[in-house]
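Q: Listed here are the chains, written in short residue letters.
Number of protein chains: 2
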Amino acid sequence: MVGASLAGATQVVAQPAPAAAQSPPELPWPYKPIDAAKAAQAAYDHYYAGGCMFATFEGITGELRQSVGYPYTSFPRYMLMYGEAGVAGTATLCGALNGAAAAIFLIAGGIRPERKELAFAMTRDLFTWYEQTDLPDFEPEVSLFDIVKSVSGSPLCHASVSNWCKAANAKSYSPERAERCAWLCGSVARRTVQLLDAAAKGGFKPTVALSAETQTCGSCHDHKSAREDTRGSMDCGGCHFTNQTTHSKLKL
Amino acid sequence: MVGASLAGATQVVAQPAPAAAQSPPELPWPYKPIDAAKAAQAAYDHYYAGGCMFATFEGITGELRQSVGYPYTSFPRYMLMYGEAGVAGTATLCGALNGAAAAIFLIAGGIRPERKELAFAMTRDLFTWYEQTDLPDFEPEVSLFDIVKSVSGSPLCHASVSNWCKAANAKSYSPERAERCAWLCGSVARRTVQLLDAAAKGGFKPTVALSAETQTCGSCHDHKSAREDTRGSMDCGGCHFTNQTTHSKLKL
Numbered sequence: 007m008v009g010a011s012l013a014g015a016t017q018v019v020a021q022p023a024p025a026a027a028q029s030p031p032e033l034p035w036p037y038k039p040i041d042a043a044k045a046a047q048a049a050y051d052h053y054y055a056g057g058c059m060f061a062t063f064e065g066i067t068g069e070l071r072q073s074v075g076y077p078y079t080s081f082p083r084y085m086l087m088y089g090e091a092g093v094a095g096t097a098t099l100c101g102a103l104n105g106a107a108a109a110i111f112l113i114a115g116g117i118r119p120e121r122k123e124l125a126f127a128m129t130r131d132l133f134t135w136y137e138q139t140d141l142p143d144f145e146p147e148v149s150l151f152d153i154v155k156s157v158s159g160s161p162l163c164h165a166s167v168s169n170w171c172k173a174a175n176a177k178s179y180s181p182e183r184a185e186r187c188a189w190l191c192g193s194v195a196r197r198t199v200q201l202l203d204a205a206a207k208g209g210f211k212p213t214v215a216l217s218a219e220t221q222t223c224g225s226c227h228d229h230k231s232a233r234e235d236t237r238g239s240m241d242c243g244g245c246h247f248t249n250q251t252t253h254s255k256l257k258l
Numbered sequence: 007m008v009g010a011s012l013a014g015a016t017q018v019v020a021q022p023a024p025a026a027a028q029s030p031p032e033l034p035w036p037y038k039p040i041d042a043a044k045a046a047q048a049a050y051d052h053y054y055a056g057g058c059m060f061a062t063f064e065g066i067t068g069e070l071r072q073s074v075g076y077p078y079t080s081f082p083r084y085m086l087m088y089g090e091a092g093v094a095g096t097a098t099l100c101g102a103l104n105g106a107a108a109a110i111f112l113i114a115g116g117i118r119p120e121r122k123e124l125a126f127a128m129t130r131d132l133f134t135w136y137e138q139t140d141l142p143d144f145e146p147e148v149s150l151f152d153i154v155k156s157v158s159g160s161p162l163c164h165a166s167v168s169n170w171c172k173a174a175n176a177k178s179y180s181p182e183r184a185e186r187c188a189w190l191c192g193s194v195a196r197r198t199v200q201l202l203d204a205a206a207k208g209g210f211k212p213t214v215a216l217s218a219e220t221q222t223c224g225s226c227h228d229h230k231s232a233r234e235d236t237r238g239s240m241d242c243g244g245c246h247f248t249n250q251t252t253h254s255k256l257k258l
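First to last, the protein sequences are chains R and S. For the first sequence, the working numbering assigns the number 258 to the last residue and increments by one with no breaks. For the second sequence, the working numbering assigns the number 258 to the last residue and increments by one with no breaks.
Hints are computed from structural coordinates only; laboratory data are not their basis. Heads up, a few of these hints could be off.
Stated by the list, open to error - Within a straight-line C-alpha distance of at most 27 Å, the following computed DSS-like cross-link-like pairs (lysine-lysine) qualify: (1) S:Lys207 x S:Lys38; (2) S:Lys207 x S:Lys44; (3) S:Lys207 x R:Lys172; (4) R:Lys155 x S:Lys177; (5) S:Lys155 x S:Lys44; (6) S:Lys177 x S:Lys155; (7) S:Lys177 x R:Lys230; (8) S:Lys211 x S:Lys38; (9) R:Lys44 x R:Lys155; (10) S:Lys230 x S:Lys211; (11) S:Lys211 x S:Lys44; (12) R:Lys155 x R:Lys38; (13) S:Lys155 x S:Lys172; (14) R:Lys172 x R:Lys207; (15) S:Lys230 x R:Lys177; (16) R:Lys155 x R:Lys172; (17) R:Lys230 x S:Lys155; (18) S:Lys211 x R:Lys230.
Stated by the list, open to error - Which bits of chain S does chain R cover? Going by a derived footprint, with three or more residues having C-beta under 8 Å, they are: (19) 39 to 53; (20) 61 to 72; (21) 128 to 136.
Every residue, glycine too, gets a C-beta built ideally from N, C-alpha and C.
Chain R extracted, bound-state conformation:
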């Protein structure tokens, strides 16, 4: 454009050139306080358009597109549709949790160890809260059905769905189950905004402890234990010790 007319140059300013070489800003991206109630409602509103992961991420970050603008305006949020129903319907990780974890890292995380550790601690707290809490604890302004609550006992889509189906005496592909998941996106978005708000004020502390049972399992199987043959913070009991199974005999 060197040597172009002033009129031509003005057009460039009016219609910004594609940011061809522009890298995104480093993490964390700028934060402004988010209205938790609005985030929850927005997550619910977007569930039927793009599934659970997209909806929860959009609930948390949508307000920032207005209040902060760029770089949030540049993010391809529809990518997060991939997490629907535990990622592409595989029913692994709950999409509400997957979307919230992505949003937490974008807004509060970063490659520096102290930022990464903060985002990870917030994410783990969210996941454990989700496992142990009677959900959904959010109700939208207008809803398709009344929805009963259940404790998932697991961050996994299919386990969370199955436990709710049992509590509600409903089927896993019913419209009631879809509505329950839409409410759940609202619950997870609201909780996440509360965690972000606490972190922004410098006051985030984990609020939920692993179950006593899971701590016992970890003492023999997790980091720096005698066996050290697994890892993580999922509640063990949900899959490993149902009423049909017991622990193998311990050699004490």
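Dock chain S against the given chain R, drawing on the hints supplied.
A: Relative to the frame of chain R, chain S by itself:
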């Protein structure tokens, strides 16, 4: 900038203004063929820098930043560090799979039903392949250890890690286990590029079937079945029917 001098306007062109109001292009983003071997090596190379989800996503998409440029240059890829060790260390969904699923949706997916269904079918095929295949089947140019293979039987981080620990007689926080996960990122990135290549040529077809056992489970518990009380395509046997458990008695 209207009325600014030509010199000033030229500066704007040389240093593009922040894309404050610019929305990202719709999905799918432009695709150019990716070198699968280079993608695998790049995924391995990035594992120690940002964890499994980041590494796998970067392995698949890094070449596109050069060959396509924008919009890939604008994507905040470090956000995907959130998926490390099954999301923030919770050991739920394998980060290599989480990162690959995100990349597939960005490159081959979209909000239109036919694009979404294609990306979902590719993702499900990748997940089932991961569950059933002796991995890692990629070996980097230079490696820290020799790594034995194992069948994960699950798309979950902690199950995949535990099954490998058993096969390798190694601990879950050992440097050998980390190296195994770095190789695994290479395997998943390479497989994903092969799926993207097939889809770009219009020839993607699912190549891996659910286990016979899982199909049997689904016939009573999944979509349109008598009970319809769960969903998904995770292999059931990995958690539900180990050598310690059996199915409750069927009323036939």
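Q: Failing hints, ascending?
A: When the structure is compared with the hints, numbers 3, 4, 12, 14, 18, 19, 20 turn out to be violated.
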